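**Student:** One letter stands for each residue in the lines below.
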Amino acid sequence: MLDFLTHLDRRWLFLAMTFALVLPLLWPARLPFRVSRMVQDVYDQVEHLPPNSTVLCSIDYDPASQPEIEPFTRAVFRHLLRGGHKMVIITLWDKAPPIVNGLIGDVIEGEYVRGTGFFEGHPHPEYRYGTHYAYLGFKAGKETVIAGLGQNFRQIYPADSRETPLSRLPVMDRISSLRDFPLIINSSAGFPGAKEYVQQVVTRYNLPFVAATTAVSVTDLTPYYPAQIRGLIPGMRGSAEYEQLMGYSGNGIAGLNVLTFGQLLVIASIVLGNVIFFATRRRERLARTQGGA
Amino acid sequence: MRTTLPLLITFVLGVFFVAEFFIPHAGIHGTVSLLQEWGAVLAASAFILGGVNVIQVNIPKIARREKDWLYKVVLIVSAFTMIVAGIINREEGGLYNYVYTYVYTPSSATMFALLSFFIASAAFRAFRARNAEATLMLVAAIVVMLGVIPLGEWLHPTFFPLLKDWILEYANNAGRRAILIGAALGAVATGLRVILGLERSHLGSD
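These protein sequences, in sequence, are chains A and B. Using my numbering, the letters of the first sequence map in sequence onto residues 1 to 293. Using my numbering, the letters of the second sequence map in sequence onto residues 1 to 206.
Simulated from the structure, these hints should not be mistaken for laboratory data. Since we're looking at a predicted model, the values are computed, not measured. Using N, Cα and C, we set each Cβ at its ideal position, and we do this for glycine too. Some hints could be false.
[Unchecked claim] Estimated spans, in silico, between C-beta atoms of each pair:
no.	chain 1	residue 1	chain 2	residue 2	range
1	A	R10	B	F22	54 to 64 angstroms
2	B	V57	A	T131	39 to 49 angstroms
3	A	P158	B	G51	22 to 32 angstroms
4	B	A109	A	H7	26 to 36 angstroms
5	B	G51	A	R11	50 to 60 angstroms
6	B	F47	A	S53	49 to 59 angstroms
7	A	H124	B	E199	25 to 35 angstroms
8	A	T131	B	E199	43 to 53 angstroms
9	B	L75	A	S53	42 to 52 angstroms
10	B	L75	A	Q290	52 to 62 angstroms
11	B	L75	A	V22	31 to 41 angstroms
12	A	G121	B	I181	52 to 62 angstroms
13	A	R11	B	W38	32 to 42 angstroms
Please construct the entire structure, taking both the sequences and the accompanying hints into account.
**Tutor:** The following block contains the structure:
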C-alpha cells in the first residue's frame, strides 16, 4: 500500500480534482457562512452613500481573474443601482474593456433599465447613458494615470469611450478630480490596481476607497485595511459574502461551493502526502536499524 | 552632453515632483497634470514599440525555421488579426469582441484553472513537515484554508475563522508592513540616488 501511494500517478489526483470541482457545480451543497468585517465595511460604505451620489468604479481585471472578482463587481453594480446612484466607469487594464462592456450591457442596460434579473419587474428606463452612468474607457499609463486622475480628471479623460467630450455628459458635471467622488470602488486583479491607487492618490487626498481583489493578493492589501482601504473583498469568498448581503445567490456563492471541495482535496493531499512521508521515513529508519544489527 | 543633459532633466523633474507634493499652488499642479498627461501618451506609445519588438524578435526566427517557429507564426497571425479586428470592427457583436469572448476568454480562464490541478499535485508531493518551520507553515496553511471555506465554520463556528483572521491580521500584516516600510525606504534612497545622478543605470551605463 505504501509503495502504491509513494508512486501514485499524479493523474489520479487530477481526476479527483476534476470531480471535486465539477460535482459541486452539478449538485450544489450550500453550507452557511458568516460575513467578515472587511466585506461588511464595503457594503456599509455603499449603503451609507448620500442619495444620488456619483461613484467611480475602476474595473481592473482580465478574463483569468473574472470568475473570482466579477461576482462582486456585478453585486456592487446592483447595490449602487438599487440605491439609485450614478456611476462613472473606467479601466486601467487593456484586456478589460470587453468585460466592462459586458457588465454595462448585462447589469445596467439589461437588468436595471429593462427590469430583468435582479430587478425583475422593476424597469428604470429613465436611467440613461451620459446622465446617470458613463464609461470612459481604457487609458494606458498605469500609475501615471492614477496620479493624474487625482490632479485633473478631465486632462486624463477628456472624452468617454464613445469620444463624447466629458463636458457633454451631465453625470460628469461636478467632477474635476478623484476628490469629487464620495466613493471609489476598485475591482483589482493586480498591477495597476488597489495598491497603486493607495500609493498614488488614496493616502495623499484621503479618498474613500474600497477594493475587491483575488485571494492570492489579499495578503498584499490587508496592511492598508482599514486606514486607506476602507473595505476589502477577498477573492471568491468575499464575492459570495457580498452576494449574501445583497440577498441573492449568484456565481460567487456557486464558486464558494466549488472552492470548498477543491480546498478540501488540497488539504487531504497535504495530509496524505505527509502520512506517506513519515511512514517512508520510519520504514527506512527501521531498515537501517535492522541492517546495522 | 549625452550624459549631462539626461542627468539634468532627471534632476530638475525629480526635484520638481518632490516639491510639488508640498506646494499647494494651482500653477504647479497644472504643470504636473500636463507632465502626467505626457507620461500617459508615452505609455500608450509603448504599445506600438511592443508590437514592433514582437515582429523584430519573431520574424527572423520564423525565416530561419528555428525551434518552435510554428508557434511564432501563430503569435504573429493572432496579434495581427486582433489589431485589424480592433481597428475595423470593435462594436458589440463584431469580430474583435467575438474573438475576445469565444477564444481569448476561455483560453485565459483555462490556463488559470489548470493551476488547481498543479496545486493539488504539489501539495501531495512537496508540502512536507520536514522541520519546525515547514510544520508551522503547513499548519497555518491548513488553518487558513479551513477558515476561508464554509466547512471550517461548520466544523467549529469560531475557531477556524477567528484563527484565520488572526493569522492574516496580525502575523501576516506585521511581516508585510515591515517589508513595505523597508521597501519604501529603499525606494526613497534609490530615488534620491537617481535624482542626484549617483545612480546612472537608466542611462545605459553601470
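**Student:** Each hint should be assessed against the structure and marked as holding or not.
**Tutor:** Results of checking the hints against the structure:
1. R10(A) with F22(B): 54 to 64 angstroms: holds (58 angstroms)
2. V57(B) with T131(A): 39 to 49 angstroms: Holds: the Cβ-Cβ distance is about 48 angstroms, inside 39 to 49 angstroms.
3. P158(A) with G51(B): 22 to 32 angstroms: 25 angstroms Cβ-Cβ, so the 22 to 32 angstroms window holds.
4. A109(B) with H7(A): 26 to 36 angstroms: Holds - the Cβ-Cβ distance for A109(B) and H7(A), about 33 angstroms, lies within 26 to 36 angstroms.
5. G51(B) with R11(A): 50 to 60 angstroms: violated (40 angstroms)
6. F47(B) with S53(A): 49 to 59 angstroms: violated (35 angstroms)
7. H124(A) with E199(B): 25 to 35 angstroms: violated (56 angstroms)
8. T131(A) with E199(B): 43 to 53 angstroms: With a Cβ separation near 51 angstroms, T131(A) and E199(B) satisfy 43 to 53 angstroms, so the hint holds.
9. L75(B) with S53(A): 42 to 52 angstroms: This hint holds: roughly 45 angstroms between Cβ atoms.
10. L75(B) with Q290(A): 52 to 62 angstroms: holds (59 angstroms)
11. L75(B) with V22(A): 31 to 41 angstroms: holds (32 angstroms)
12. G121(A) with I181(B): 52 to 62 angstroms: holds (53 angstroms)
13. R11(A) with W38(B): 32 to 42 angstroms: violated (54 angstroms)
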